[in-house]
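K.L.:
Sequence:
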Amino acid sequence: MGQPLDAAYINPKFGGETHYRFVRFGSSAQYYARFMLNNNNTSYGNGGDFSIFTYDNRGISLRPGTGHVILIPTSAYSGNVGIEKLYPEERLDVNGGIRIVSGSGCKADYIVTKPDPRIGSTKNIKGKNYPFANVDLGHLVIQPRTSALRDIIFINGQGDKISMVVMGNIKTRIGTTTPDSKLSVIGNIRTHEIKLETASWPDYVFDRGYQQMPLEEMEVYIRKNGHLPGLKCAEEFQEEGVNMMEMNQQLLGKIVELTLHLIKKGKQLRNIEDKLSRISERLSELNP
10 MGQPLDAAYI
20 NPKFGGETHY
30 RFVRFGSSAQ
40 YYARFMLNNN
50 NTSYGNGGDF
60 SIFTYDNRGI
70 SLRPGTGHVI
80 LIPTSAYSGN
90 VGIEKLYPEE
100 RLDVNGGIRI
110 VSGSGCKADY
120 IVTKPDPRIG
130 STKNIKGKNY
140 PFANVDLGHL
150 VIQPRTSALR
160 DIIFINGQGD
170 KISMVVMGNI
180 KTRIGTTTPD
190 SKLSVIGNIR
200 THEIKLETAS
210 WPDYVFDRGY
220 QQMPLEEMEV
230 YIRKNGHLPG
240 LKCAEEFQEE
250 GVNMMEMNQQ
260 LLGKIVELTL
270 HLIKKGKQLR
280 NIEDKLSRIS
290 ERLSELNP
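Residue numbering for the sequence shown follows our numbering, starting at 10 and increasing by one per position.
Below are the DSSO-like pairs computed for lysine-lysine, each with C-alpha atoms no more than 30 Å apart in a straight line:
#1 K241 <-> K273
#2 K180 <-> K241
#3 K204 <-> K191
#4 K241 <-> K263
#5 K204 <-> K180
#6 K273 <-> K284
#7 K263 <-> K276
#8 K233 <-> K263
#9 K180 <-> K170
#10 K263 <-> K204
#11 K241 <-> K191
#12 K274 <-> K241
#13 K274 <-> K233
#14 K273 <-> K263
#15 K233 <-> K273
#16 K191 <-> K180
#17 K170 <-> K191
#18 K263 <-> K274
#19 K274 <-> K284
Hints in this document: simulated from the structure, not taken from any laboratory. Here the structure is a predicted model, which is why all the values come from computation and not from measurement.
Given these sequences and hints, build the entire structure.
P.N.:
See the structure below:
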């Protein structure tokens with residue numbers, strides 16, 4: 010049974026076209042929208058689909074009451090939703106950018122979930138006026154959505170191996186599970202330059218009141234302990250690692266001490282040479 014339709018203008022085209030069938034809405038002079046069943050015209054889709062059109066600058070709105078707007082692709086036919094994609098490859102396939110804004114306008118939340126618990130997560134993309142860090146617009150913030158300490162884990166694509174972990178205690182680990190510093194790495198690090206900050210430097214060795222260990226005492230110390238005074242033994246370095254700043258300061262101090270010893274020995278050697286020269290002159294006078 011037919012139903013009356015209250016419309017200013019309806020222009021049904023059910024039999025005149027082989028590529029599509031449509032109903033247009035508007036007036037006889039201008040139509041504004043239409044429903045179309047597309048048979049095989051790829052200019053309006055991928056063929057065999059149903060389309061809703063508007064003309065000029067008119068939009069398409071879905072405005073439910075207290076319910077929801079739900080898109081349900083038919084799982085039996087692996088149906089997907091595409092935006093500017095004729096052949097979407099995922100449940101939602103977008104050709105272009107996506108902008109998500111919450112009510113406050115300063116952050117956007119999205120949830121990614123899959124059956125694999127390693128993939129399920131909640132992340133934030135936050136921009137201007139970020140409430141905790143005042144992050145400017147354009148930055149990407151990755152933050153676990155919980156007040157408890159949680160790690161951010163980076164997994165590579167080969168064997169799902171963990172490549173890096175930014176831990177909830179503000180430590181970063183690469184190749185280790187027991188970091189003891191802000192950055193702990195088991196493996197090689199290659200860089201062009203490393204700058205170490207320090208508030209002290211071993212110029213104190215040049216002070217007049219600095220007491221150098223005599224070489225004779227140093228010889229006894231080395232024979233007894235097997236390392237230079239002021240430095241750790243090999244076992245301590247192997248257990249604790251090497252503090253590069255501390256080591257550079259200690260080595261520079263030893264270089265300065267060695268330089269001062271050489272200066273002192275040089276003076277002693279010149280005095281001996283002067284004495285030998287005078288003795289030689291005296292012997293020449295006694296034996297003309």
